[in-house]
Amino acid sequence: MIDRVFLIVLDGVGIGELPDAQRYGDIGSDTIRNTARAVGGLNLPVLESFGLGCLGDIEGVPC
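Residue 70 is where the sequence shown ends in the working numbering, and the numbering goes up by one at each step.
In case anyone wonders, no lab produced these hints; they're calculated from the structure.
Hints should not be assumed to be uniformly reliable.
Claimed, not checked - Beta-carbon label-pair distances, calculated as ranges:
hint : residue 1 : residue 2 : range
1    : P26       : D64       : 14 to 24 angstroms
2    : I34       : I9        : 36 to 46 angstroms
3    : Y31       : D10       : 36 to 46 angstroms
4    : S56       : V16       : 14 to 24 angstroms
5    : I34       : P69       : 24 to 34 angstroms
6    : E24       : P52       : 19 to 29 angstroms
7    : C61       : D33       : 16 to 26 angstroms
8    : G32       : M8        : 23 to 33 angstroms
9    : G19       : E66       : 18 to 28 angstroms
10   : R11       : S56       : 17 to 27 angstroms
Keep in mind that this is a model prediction, so the values were computed, not measured.
We put the CB at the ideal spot given by N, CA and C, even for glycine.
Could you put the whole structure together from the sequences, leaning on the hints where they help?
In structure tokens, the structure reads:
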């Protein structure tokens with residue numbers, strides 16, 4: 008039986024902007040890629056195994 012479960016909610020971590028970003032002043036919104044660039048890459052092995060790197064070109068997170 009599993010003793011623990013970890014739930015990670017990433018609803019505020021965007022990958023890219025929506026087509027209507029200009030309407031809301033969100034041009035350039037790209038939280039996870041901007042964060043990765045700012046810190047020289049991310050090390051997210053579990054999220055990488057879930058395919059996070061396949062959603063976009065995220066420094067340090069290969070597809």
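Can you tell me whether the CB distance of P26 to D64 sits inside 14 to 24 angstroms?
19 angstroms Cβ-Cβ, so the 14 to 24 angstroms window holds.
If I claimed the Cβ atoms of C61 and D33 lie 16 to 26 angstroms apart, would that claim hold in this structure?
Since the Cβ atoms of C61 and D33 sit about 23 angstroms apart, the hinted range of 16 to 26 angstroms holds.
Consistency of beta-carbon spacing, P69 to I34, with hint 24 to 34 angstroms
holds, 27 angstroms
Beta-carbon spacing of S56 to V16 - inside the hinted bounds 14 to 24 angstroms or not
holds, 18 angstroms
Is it true that the C-beta distance of R11 to S56 lies inside 17 to 27 angstroms, as the hint says?
With a Cβ separation near 18 angstroms, R11 and S56 satisfy 17 to 27 angstroms, so the hint holds.
For I34 and I9, compare the CB-CB distance with the range 36 to 46 angstroms and indicate the outcome.
For I34 and I9 the Cβ distance comes to about 43 angstroms; the hint holds.
Using the beta carbons of G32 and M8, state whether their distance is inside 23 to 33 angstroms or not.
violated, 49 angstroms
Cβ distance range 18 to 28 angstroms for G19 and E66, holds or violated
At roughly 19 angstroms between Cβ atoms, E66 and G19 fall inside 18 to 28 angstroms, so the hint holds.
Assuming the hint says 19 to 29 angstroms, is it satisfied by the Cβ distance from E24 to P52 or not?
Given a distance of about 27 angstroms, which is inside 19 to 29 angstroms, the answer is holds.
Is 36 to 46 angstroms respected by the C-beta to C-beta distance linking Y31 and D10?
holds, 43 angstroms
Violation of the numbered hints given earlier is confined to hint 8; every other hint is satisfied by the structure.
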